[in-house]
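Numbering (the numbering used here), first residue to last: 9 to 426.
What the hints contain is simulated information worked out from the structure, not anything from laboratory work.
One or more of the hints may lead you astray.
[Stated by the list, open to error] Simulated restraints, written as ranges between beta carbons of each label pair:
| hint | residue 1 | residue 2 | range |
| --- | --- | --- | --- |
| 1 | Met9 | Asn98 | 17 to 27 Å |
| 2 | Lys188 | Asp369 | 22 to 32 Å |
| 3 | Arg371 | Lys108 | 29 to 39 Å |
| 4 | Thr18 | Val250 | 16 to 26 Å |
| 5 | Arg371 | Met9 | 28 to 38 Å |
| 6 | Lys347 | Arg371 | 44 to 54 Å |
| 7 | Arg153 | Asp92 | 22 to 32 Å |
| 8 | Arg368 | Val404 | 18 to 28 Å |
| 9 | Lys393 | Glu417 | 37 to 47 Å |
Since the model is a prediction, treat every value here as computed from it, not as a measurement.
No residue lacks a Cβ here, since even glycine has one placed at the ideal position from N, Cα and C.
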Amino acid sequence: MRLSQLFTKTTKNVPADETARNAQLLIQAGFIHKEMAGVYAYLPLGLRVLENIKRVVREEMNGLGGQELIMSSLQRQELWEVTDRWSDENVDIWFKSELKNGTPIGFGWSHEEPITDMMKNFISSYRDVPVSVYQFQTKLRNELRAKSGIMRGREFVMKDMYSYSRNDEEHQAFYDAVTKAYLRIFERAGLGDITYLTFASGGAFTQFSHEFQTILEAGEDIIYVDKSKKLAVNKEVYTDEVLKQVGLEKSELEEVKAAEVGNIFSFGTAKSEQLGLYLTDETGSKQAVVLGSYGIGVTRLMGVVAEHFADDRGLVWPVEIAPAQIILVRLGDNPEVVKQADELYNKLTGQSVAVLYDERDMRAGEKFADADLMGIPYRVVISEKTQAAGAYELKVRRSGEVKQVGEAELFETLDAKP
RNA sequence: CGGGGAGUGGCGCAGUCCGGUAGCGCACGCGGUUUGGGACCGCGGGGUCGCAGGUUCAAAUCCUGUCUCCCCGACCA
Numbered sequence: 009m010r011l012s013q014l015f016t017k018t019t020k021n022v023p024a025d026e027t028a029r030n031a032q033l034l035i036q037a038g039f040i041h042k043e044m045a046g047v048y049a050y051l052p053l054g055l056r057v058l059e060n061i062k063r064v065v066r067e068e069m070n071g072l073g074g075q076e077l078i079m080s081s082l083q084r085q086e087l088w089e090v091t092d093r094w095s096d097e098n099v100d101i102w103f104k105s106e107l108k109n110g111t112p113i114g115f116g117w118s119h120e121e122p123i124t125d126m127m128k129n130f131i132s133s134y135r136d137v138p139v140s141v142y143q144f145q146t147k148l149r150n151e152l153r154a155k156s157g158i159m160r161g162r163e164f165v166m167k168d169m170y171s172y173s174r175n176d177e178e179h180q181a182f183y184d185a186v187t188k189a190y191l192r193i194f195e196r197a198g199l200g201d202i203t204y205l206t207f208a209s210g211g212a213f214t215q216f217s218h219e220f221q222t223i224l225e226a227g228e229d230i231i232y233v234d235k236s237k238k239l240a241v242n243k244e245v246y247t248d249e250v251l252k253q254v255g256l257e258k259s260e261l262e263e264v265k266a267a268e269v270g271n272i273f274s275f276g277t278a279k280s281e282q283l284g285l286y287l288t289d290e291t292g293s294k295q296a297v298v299l300g301s302y303g304i305g306v307t308r309l310m311g312v313v314a315e316h317f318a319d320d321r322g323l324v325w326p327v328e329i330a331p332a333q334i335i336l337v338r339l340g341d342n343p344e345v346v347k348q349a350d351e352l353y354n355k356l357t358g359q360s361v362a363v364l365y366d367e368r369d370m371r372a373g374e375k376f377a378d379a380d381l382m383g384i385p386y387r388v389v390i391s392e393k394t395q396a397a398g399a400y401e402l403k404v405r406r407s408g409e410v411k412q413v414g415e416a417e418l419f420e421t422l423d424a425k426p
């Protein structure tokens, strides 16, 4: 993408109505636009990050055998009344409206009920399971107070997966596989070192659920981490009894603030029984289906990554989810410089390397500041100076390291062929 | 939902106490000088001061109501 064609602009002014670092930087860099409190639009660069995160998540979900679909945002009152989660007393984050004829409808804050109800059409035999389905869905939640930028909004994108199994053993095998896949996702998003599998409240159905908590000062949760065992316990279930159960020693635990980037649940058969999802086994007897639910806050994850890696110059994206792998900065309009820069741009984009080509008629300082603010992992400069030196100037955003490289090394860095 | 703070060109702010023709920086347009870390000079365009009432000869400024935004807390499968 040529930056002269990009409609968004960076700004030096920090937005006054944001204190969350992630939102400040994402707005300054032109990645997102704030529509109202807790509601953000994703502009071209931000959308690229979002799509990259989705790509990673999708690959891992498909690897588990998950089948992608998209449920609806408008939901039926009667369905949620079956599980007693329609009333505002029980669920206080509903957005509700009604059809022209007066029929109440809700805007989806979760999809457990609709998706499980829908699966009744397709699961009737033990031969139909195990099966898992997932979606990337915009969730709407009428939070009393929005905060933390895109880490907690009223409208956000979540990947939610649901698994249907015939018994606890089958369910547990899948649950464990999801756990591993989740850890790989956070690893690929660059947060592997600081993301912990965390024991958390299991709600009404099981004793524990598992959260994936990323250590972050701006996080909203308190957890106790055992860094050597790579496990943690959420403060909400932090008792001697629980520690004993999960095999953690109080003396090994450290209290930290963290952001919940994922959460997985076992529902057992309770919800299936409520909604009437049964299968027939080999003996012809009817059994309730074992349900699991697995969420990742996609937009929150983007916010956490932004927040965690940012430095005093701006955003810093890990290569796998960056809006571009490289930003090609062309200085001046000397015909030879233009020629070399155009050629490099064409060669890289021809190999599907995502390149931001800064061919704007601007001063070097502004271009460098923009490249830093946008957080593109690699920056290559082509100018009269680099031509005289006979090498490309390559800067690594994260470390700040600058070096002269030849074509071979440049392409190797970008995992491309010269 | 309780407490606190704030709404003034696209963005960031001053002006409000003490009423008298709305200003600065960034961004934008034109001209010029610059040109490897957010340059400089000159000229220029752009704002019913959140909204609705009220007081007054006169309201960004005073009064009443209302909406929105931010922070702390509470809440949070």
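Outcome of the hint check:
{"no.": "1", "hint": "Met9 - Asn98: 17 to 27 Å", "result": "47 Å, violated"}
{"no.": "2", "hint": "Lys188 - Asp369: 22 to 32 Å", "result": "50 Å, violated"}
{"no.": "3", "hint": "Arg371 - Lys108: 29 to 39 Å", "result": "57 Å, violated"}
{"no.": "4", "hint": "Thr18 - Val250: 16 to 26 Å", "result": "47 Å, violated"}
{"no.": "5", "hint": "Arg371 - Met9: 28 to 38 Å", "result": "21 Å, violated"}
{"no.": "6", "hint": "Lys347 - Arg371: 44 to 54 Å", "result": "22 Å, violated"}
{"no.": "7", "hint": "Arg153 - Asp92: 22 to 32 Å", "result": "26 Å, holds"}
{"no.": "8", "hint": "Arg368 - Val404: 18 to 28 Å", "result": "22 Å, holds"}
{"no.": "9", "hint": "Lys393 - Glu417: 37 to 47 Å", "result": "18 Å, violated"}
The earlier numbered hints that this structure contradicts are 1, 2, 3, 4, 5, 6, 9.
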